[in-house]
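Participant: So the chains spell out like this:
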Amino acid sequence: MFKISRRNFVTGGLATGAAIAAASCNPNRGPTIITNKIKDVTLRLMGTGAAQINDIRERAEKELGFKIKMRALSTAENIQIAITQPKQYDIYDGEFFSLPLVVPSGNLQAIDTRKVKNFDKITPIFRTGELYPGARVNTSQGTAPRKVMFVKGQNSTEFATSPTDWATMIPFQFNADTLGYRPDLVNRKIESWAELFNPEFRGKTSILDIPSIGIMDAAMVMEAQGLMKFSDKGNMTREELDQVTNILIEQKKAGQFRAFWKTFDESVNFMSSGEVVLQSMWSPAVTAVKARGLKCVYARLKEGYRGWGGGLGLSKNLSGIELDAAYEYLNWVLEGWVGGFLSRQGYYSAAPENARKYMKPPEWDFWYEGKPAAIDIIDPFGKKIESQGAVRDGGSFSDRMGDVACWNSFMPEQVYLVYKWTEFIVA
Amino acid sequence: MAVTQLPTSGEPTRSRRAKGVNWKALQPYLLSAPQTLVFLLFLVIPIAAIVVVSFWNFNGFAMFPGFTLNNYLGIFTSKVYLATYLNTFKFAFLVWLVCLSISYPVAYFLSFHIKNPKLQTIWFLICTVPFLTSNIIRMISWIPFLGREGLINQALMGLGLTKQPIEIFLFSDFSVVLAMVHLYALFMVAPIFNSMIRIDRNLVSAAEDAGASPFQIQKEIIVPLAAPGIAIGSIFVVTLVMGEFATMRIMSGGKSSSVGYLIKNQLDSLQYPLAAANAIVLLIITLTIVFAILRAVDIRKEL
Numbered sequence: 001m002f003k004i005s006r007r008n009f010v011t012g013g014l015a016t017g018a019a020i021a022a023a024s025c026n027p028n029r030g031p032t033i034i035t036n037k038i039k040d041v042t043l044r045l046m047g048t049g050a051a052q053i054n055d056i057r058e059r060a061e062k063e064l065g066f067k068i069k070m071r072a073l074s075t076a077e078n079i080q081i082a083i084t085q086p087k088q089y090d091i092y093d094g095e096f097f098s099l100p101l102v103v104p105s106g107n108l109q110a111i112d113t114r115k116v117k118n119f120d121k122i123t124p125i126f127r128t129g130e131l132y133p134g135a136r137v138n139t140s141q142g143t144a145p146r147k148v149m150f151v152k153g154q155n156s157t158e159f160a161t162s163p164t165d166w167a168t169m170i171p172f173q174f175n176a177d178t179l180g181y182r183p184d185l186v187n188r189k190i191e192s193w194a195e196l197f198n199p200e201f202r203g204k205t206s207i208l209d210i211p212s213i214g215i216m217d218a219a220m221v222m223e224a225q226g227l228m229k230f231s232d233k234g235n236m237t238r239e240e241l242d243q244v245t246n247i248l249i250e251q252k253k254a255g256q257f258r259a260f261w262k263t264f265d266e267s268v269n270f271m272s273s274g275e276v277v278l279q280s281m282w283s284p285a286v287t288a289v290k291a292r293g294l295k296c297v298y299a300r301l302k303e304g305y306r307g308w309g310g311g312l313g314l315s316k317n318l319s320g321i322e323l324d325a326a327y328e329y330l331n332w333v334l335e336g337w338v339g340g341f342l343s344r345q346g347y348y349s350a351a352p353e354n355a356r357k358y359m360k361p362p363e364w365d366f367w368y369e370g371k372p373a374a375i376d377i378i379d380p381f382g383k384k385i386e387s388q389g390a391v392r393d394g395g396s397f398s399d400r401m402g403d404v405a406c407w408n409s410f411m412p413e414q415v416y417l418v419y420k421w422t423e424f425i426v427a
Numbered sequence: 001m002a003v004t005q006l007p008t009s010g011e012p013t014r015s016r017r018a019k020g021v022n023w024k025a026l027q028p029y030l031l032s033a034p035q036t037l038v039f040l041l042f043l044v045i046p047i048a049a050i051v052v053v054s055f056w057n058f059n060g061f062a063m064f065p066g067f068t069l070n071n072y073l074g075i076f077t078s079k080v081y082l083a084t085y086l087n088t089f090k091f092a093f094l095v096w097l098v099c100l101s102i103s104y105p106v107a108y109f110l111s112f113h114i115k116n117p118k119l120q121t122i123w124f125l126i127c128t129v130p131f132l133t134s135n136i137i138r139m140i141s142w143i144p145f146l147g148r149e150g151l152i153n154q155a156l157m158g159l160g161l162t163k164q165p166i167e168i169f170l171f172s173d174f175s176v177v178l179a180m181v182h183l184y185a186l187f188m189v190a191p192i193f194n195s196m197i198r199i200d201r202n203l204v205s206a207a208e209d210a211g212a213s214p215f216q217i218q219k220e221i222i223v224p225l226a227a228p229g230i231a232i233g234s235i236f237v238v239t240l241v242m243g244e245f246a247t248m249r250i251m252s253g254g255k256s257s258s259v260g261y262l263i264k265n266q267l268d269s270l271q272y273p274l275a276a277a278n279a280i281v282l283l284i285i286t287l288t289i290v291f292a293i294l295r296a297v298d299i300r301k302e303l
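Residue numbers (our numbering), protein chains in the order written: chain A, 1 to 427; chain B, 1 to 303.
So that you can see chain A by itself, here it is in the shape it has in the complex (with noise of 0.2 Å):
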């Protein structure tokens, strides 16, 4: 009989079936040789597509000197393979709201805050949580990043909730998410999260099919509505489960919507097919549907963003000179050329400061201050994506990020929800 143990199992499970992709990576990196050559090292990332750019990897490679291998995954699968494979990965590119699934599997080390040269320079949003005086993103709900960025000490698993020297990741990317509209085919503005649920767009609203994400946008709409109230979105009940997969069910069978979408070129072709016209979204996909020659709104709602936030963590198998050229990293990363190029496509840097010495000044106003384009905006690939005169939806960076009401999610009801999520596709 064949001893399993539960690693080997789940190791040789995944390697087998799920992860295909694990077949492109080679994990083999032979013994470690002890030199004091940083340039012997290869660190390997992983994470999800937002930030694994080929670009960014060559730039890092040729100003740090050692090597770097990216592997692009999905968030789920990026997910797994943290908590399962911890041999897979050095730095774990990861969002916030997988920490209290990540963290606790000790797969990571914490960081020492002090070796970072900028952490000061990363926005409040991350170390304090207080963006400004009275801004609705200090009390956000769900899993937001102040909630788990800290642990209590260097070989602690558990979150401190006052900011510490060690950090559980670096942040360096994040957003605001909301409902993106086709102008031309809605006719008005849209101001509230309520109208996803308008019967005036039956069959023609779409939601993300992410559980732990599309529970948050329908938890949105329902107390956008007034029929349901919630303590802490990001952590509900079960009879809040059922309750909001009731009234989720309920639009469905009255045909309220079109589809729904999973993956990010989904949602620009039901936007751009006119198949939907109203429908959650990510910011960069309302740039390409309006690289499409389409008009797109990612509108300002009055109930506040849906934020989220991503950073870098690094695997306990680091140490010694690889760790060294890891710290190295964390630093490249914050220095500002990665958040020029990160803000150049609409997400925001950690360091926004730091990410201003990279960007012209007319780019700063647009991405940042909400001002009109003194010039056409071109993203980090050469192609144009705004006009001269356009004004980015949302306005400033403290307008929209002060604006978030909750952070994408880690229920301790996951598996519950999942299930509820489950009843409402199959009804």
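Some hints could be false.
[As the list claims (entries may be wrong)] Think about it this way: if two alpha-carbon atoms lie no more than 27 Å apart in a straight line, the pair counts; the simulated DSSO-like pairs of lysine-lysine are:
id	chain 1	residue 1	chain 2	residue 2
1	A	LYS253	B	LYS90
2	A	LYS252	A	LYS69
3	A	LYS87	A	LYS62
4	B	LYS24	A	LYS252
5	A	LYS253	B	LYS79
6	A	LYS262	B	LYS163
7	A	LYS357	A	LYS115
8	A	LYS253	B	LYS219
9	B	LYS90	A	LYS262
10	A	LYS253	B	LYS24
11	B	LYS264	A	LYS87
12	A	LYS295	A	LYS371
13	A	LYS252	B	LYS118
14	B	LYS264	A	LYS262
15	A	LYS37	A	LYS69
16	A	LYS252	B	LYS115
17	A	LYS295	B	LYS163
18	B	LYS79	A	LYS252
[Stated by the list, open to error] Only part of the chain A face toward chain B is listed, based on derived beta-carbon distances under 10 Å:
id	residue
19	ASP55
20	MET70
21	SER74
22	ILE79
23	LEU101
24	SER206
25	THR422
Keep in mind the hints are simulated off the structure, nothing from the lab.
Only a predicted model underlies this, so the values are computations on that prediction, with no experimental measurement involved.
Glycine included, every Cβ here is placed at the ideal spot set by N, Cα and C.
Starting from the known structure of chain A, fit chain B onto it as the hints suggest.
Facilitator: For chain B alone, coordinates are given in the frame of chain A:
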């Protein structure tokens, strides 16, 4: 393949007396060893692992070795999961039915109406042309065709047949069945064609001479003799649809679910024991269907 016969027990072999190892007798085992190893490593062991995990404990975040029936009890006592299974059966049945009613006439036409064997091959190859592109591309290409502003709706409105675009063309049960039939019909055409082409034409002539009607010829000769092909095609189609999740999601616009999609969602949420239990139940159900088909039709006639 040249496989030497195993020595029978009553007959002492020369080589055994001569040497300790009888290489001749080992030959068939050695020949089948690579295949057996591949099956063991990539089929038997993974399935055994899934069976084991389906009995493990799960607390919502992590799984622990143990033995619990809760994962299975959850499936059989939940309306949601039962509805998902019923939905999967519904699509398996619908797709099978439509595939059969399209494939049977196509295969019949190919084997009985095209007399020239060369032309037969050419026609059959033409049937396979769409299958040279990837599954996903064939499926997705329906979307711009069926959509609200898609080709069909534009044509219908252009002809003045409808005023409003017809919405049930896309993101509905209709579009799911359509795409699956398109994806899987060939798996039905090929084996039926293969069976029919072996039917002795003299049987048909004899039946005609004896005054049988075309319907009687179908019922008494063609269908019984093509049955192994129909059975093999049905096994292909049913097993493929039972395990479907991508077509179901994309063509229903995520508004409908299958067991495959349920399993995928549970994997994405790291609920491995629940997903494993569902996988085992689905496997058992699908195997039962396959055995039922095999009992009804003796497909060895075909092979």
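Participant: Next, verify each hint and record whether it holds.
Facilitator: A quick look at each hint next to the structure:
1. LYS253(A) with LYS90(B): holds (19 Å)
2. LYS252(A) with LYS69(A): With Cα atoms ~44 Å apart, LYS252(A) and LYS69(A) exceed 27 Å; violated.
3. LYS87(A) with LYS62(A): holds (26 Å)
4. LYS24(B) with LYS252(A): Cα-Cα ~68 Å, so violated.
5. LYS253(A) with LYS79(B): Holds, at roughly 17 Å.
6. LYS262(A) with LYS163(B): violated (31 Å)
7. LYS357(A) with LYS115(A): holds (22 Å)
8. LYS253(A) with LYS219(B): violated (44 Å)
9. LYS90(B) with LYS262(A): The given pair, whose Cα atoms are some 24 Å apart, holds under the 27 Å limit.
10. LYS253(A) with LYS24(B): Violated: LYS253(A) and LYS24(B) sit about 69 Å apart, past 27 Å.
11. LYS264(B) with LYS87(A): Status holds; Cα separation ~24 Å.
12. LYS295(A) with LYS371(A): Satisfied, since the Cα-Cα distance of roughly 19 Å is no more than 27 Å.
13. LYS252(A) with LYS118(B): Violated, at about 53 Å.
14. LYS264(B) with LYS262(A): holds (13 Å)
15. LYS37(A) with LYS69(A): Distance ~18 Å between LYS37(A) and LYS69(A) Cα, so the pair holds.
16. LYS252(A) with LYS115(B): Distance ~53 Å between LYS252(A) and LYS115(B) Cα, so the pair is violated.
17. LYS295(A) with LYS163(B): holds (25 Å)
18. LYS79(B) with LYS252(A): holds (18 Å)
19. ASP55: Violated: closest Cβ of chain B sits about 28 Å from ASP55(A), beyond 10 Å.
20. MET70: Violated, because the Cβ-Cβ distance from MET70(A) to chain B comes to roughly 22 Å (cut-off 10 Å).
21. SER74: Where the cut-off is 10 Å and the nearest Cβ of chain B is about 8 Å from SER74(A), the hint holds.
22. ILE79: holds (7 Å)
23. LEU101: holds (7 Å)
24. SER206: It holds, given that the least Cβ distance between SER206(A) and chain B is near 8 Å, below 10 Å.
25. THR422: Nearest chain B Cβ about 6 Å off; hint holds.
Checked against the numbered hints listed earlier, the structure breaks hints 2, 4, 6, 8, 10, 13, 16, 19 and 20; every other hint is satisfied.
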